[in-house]
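Asks: Sequence:
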Amino acid sequence: MTYLTTPIYYVNDLPHVGHAYTTVLADALARWERLCGRPVRLVTGTDEHGAKVRRAASEAGIAPATLADRTAGRFRATWDRLGIGYDEFVRTTSARHRETVTELLTRVHDAGYLRPGRYDGRYCVGCEAYTTEPVCSVHNRPTELVGEENWFFRLSEFARPLAEWFDRCPDAVRPASRRNEALGWLRRGLTDFSISRANLDWGIPLPWDPTQVTYVWFDALGSYLTAAGWPAPEFSRWWPARHVIGKDILRFHAIYWPAILLAVDLPLPERITVHGFLLQRGSKIAKSGERAVALDDLLDRFGPEGLRYHLLRDNPVGPDGEFSSASVEARYNADLANTLGNLLSRVSALVVSRCAGTGPAPSRRSGLAPAAARAAEASAAGWAAGQPSDALAAAWRLVAATNSYLVSAQPWRLPADSPEAATILGDALEALRIVAVLAAPAVPETAARIWRQIGLDGYAPRVPDDLTWGGYPGGRPVTRAAPLFPRLAAGVRVRAGGVG
Numbered sequence: 153m154t155y156l157t158t159p160i161y162y163v164n165d166l167p168h169v170g171h172a173y174t175t176v177l178a179d180a181l182a183r184w185e186r187l188c189g190r191p192v193r194l195v196t197g198t199d200e201h202g203a204k205v206r207r208a209a210s211e212a213g214i215a216p217a218t219l220a221d222r223t224a225g226r227f228r229a230t231w232d233r234l235g236i237g238y239d240e241f242v243r244t245t246s247a248r249h250r251e252t253v254t255e256l257l258t259r260v261h262d263a264g265y266l267r268p269g270r271y272d273g274r275y276c277v278g279c280e281a282y283t284t285e286p287v288c289s290v291h292n293r294p295t296e297l298v299g300e301e302n303w304f305f306r307l308s309e310f311a312r313p314l315a316e317w318f319d320r321c322p323d324a325v326r327p328a329s330r331r332n333e334a335l336g337w338l339r340r341g342l343t344d345f346s347i348s349r350a351n352l353d354w355g356i357p358l359p360w361d362p363t364q365v366t367y368v369w370f371d372a373l374g375s376y377l378t379a380a381g382w383p384a385p386e387f388s389r390w391w392p393a394r395h396v397i398g399k400d401i402l403r404f405h406a407i408y409w410p411a412i413l414l415a416v417d418l419p420l421p422e423r424i425t426v427h428g429f430l431l432q433r434g435s436k437i438a439k440s441g442e443r444a445v446a447l448d449d450l451l452d453r454f455g456p457e458g459l460r461y462h463l464l465r466d467n468p469v470g471p472d473g474e475f476s477s478a479s480v481e482a483r484y485n486a487d488l489a490n491t492l493g494n495l496l497s498r499v500s501a502l503v504v505s506r507c508a509g510t511g512p513a514p515s516r517r518s519g520l521a522p523a524a525a526r527a528a529e530a531s532a533a534g535w536a537a538g539q540p541s542d543a544l545a546a547a548w549r550l551v552a553a554t555n556s557y558l559v560s561a562q563p564w565r566l567p568a569d570s571p572e573a574a575t576i577l578g579d580a581l582e583a584l585r586i587v588a589v590l591a592a593p594a595v596p597e598t599a600a601r602i603w604r605q606i607g608l609d610g611y612a613p614r615v616p617d618d619l620t621w622g623g624y625p626g627g628r629p630v631t632r633a634a635p636l637f638p639r640l641a642a643g644v645r646v647r648a649g650g651v652g
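Position in the sequence shown counted from 1, then plus 152, gives you our numbering.
Do not take every clue at face value.
[As the list claims (entries may be wrong)] Using 35 Å as the maximum straight-line C-alpha spacing, the simulated DSBU-like pairs for lysine-lysine come out as follows: (1) K436 with K399; (2) K204 with K436; (3) K204 with K399.
In case anyone wonders, no lab produced these hints; they're calculated from the structure. Everything numeric in this text was worked out from a predicted model, so none of it was measured.
Please work from the sequences and hints to get the whole structure.
Replies: See below:
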């Protein structure tokens, strides 16, 4: 069983390309798990409480609930358009989630891990975080001075068990650079933090002190339990979780969240995969302003699959990555239109002209077989390690090897009824079949289309069985079709589905 989560996203603004990167990454990892035959539950959602949402609603002249409904709908629509195969969409304003958080608060309180206190310091509304910095380094905006009576979580009591967890589970936070960052906070010492707000009415009230509402991060982290069904018995079917997050929320997930789980005696996360920022001219892409990148415009221009492929192929998990529409276009044209698309077009046209549209079986001793085996091994390792960039690079090495194989063998120069030409084309069809498996987590619609075009039925491959050379049976109808990915010229958009 694999329980995968994205963060839940604030509803103060519309989904942007940074949200898309996190969500596509989680979706691709979930799809790989399903290819391996493992049951998967993928959860995403929206974070609808807190000062940030209250302020955005006030500026828009509407109620916070209205803003939440409107923006949650936009997130759902965007994820559907991107082909995100989520199993549940959690909203923190739902009655079910409120019950979960109320139960979590009660158990933490009854266990003795909460204390009353006063917070006098700074607060970043943009990050919804307590801070000592006068200017937020993420948003480059002044933080606010806050003074209020709160309830504090005794985080300081969990330093030792958290250190033991990091030692016991060295791969729980990946990549290693992010694990080391979390360890740095732990070694510098942990301080108790507030889990409530006194001067805010948009949130879940504390069950023992209704004058206070739950701190939005405590509220949001509880969503992972909500979607897993806690505290009902079926919760254990999915838990513990694998979280996919951006580096800016590492502290909440690698320090705060495990401590909260320890406080109520629940298993700690199995894995926390942490990616870097998408940058534009060296600065984090913003929701609005000069560095904004409209997600709808990107989807209109490159299609869902073109954008998915770029986000996964050009952004190794861990470091920051530079993002631009020009880089999406370059990768789209180079890998999708020119390399994969041209290979499928060339092979299908040759099968139609040389083999009367019937796909030949591959040779067991094909010169392509070793390249396919190497690509399958490296790509599977990349997916398993949570590095789609490595996985896709390996798959495309097989695409390049197949193109080179055809150029060298030149089946178009052989007689139409030549057995040698048939064998060469059968080898190419088999390589395309394997690529359709390896690329499926990134471009699922494209993979299924390749499968159909080379005459295979019912796209439901399984790893590792369907990565073994020789799986293409031959004797299947192969058809010509419109280009898989039409080459883009400046200002040209793909068709609405993302592939031709």
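Asks: Now tell me, hint by hint, if it's right for this structure.
Replies: Now for the hints, and whether the structure bears them out:
no., hint, in the structure
1, K436 with K399, "holds (12 Å)"
2, K204 with K436, "holds (19 Å)"
3, K204 with K399, "holds (20 Å)"
Hint compliance for this structure: every hint is met.
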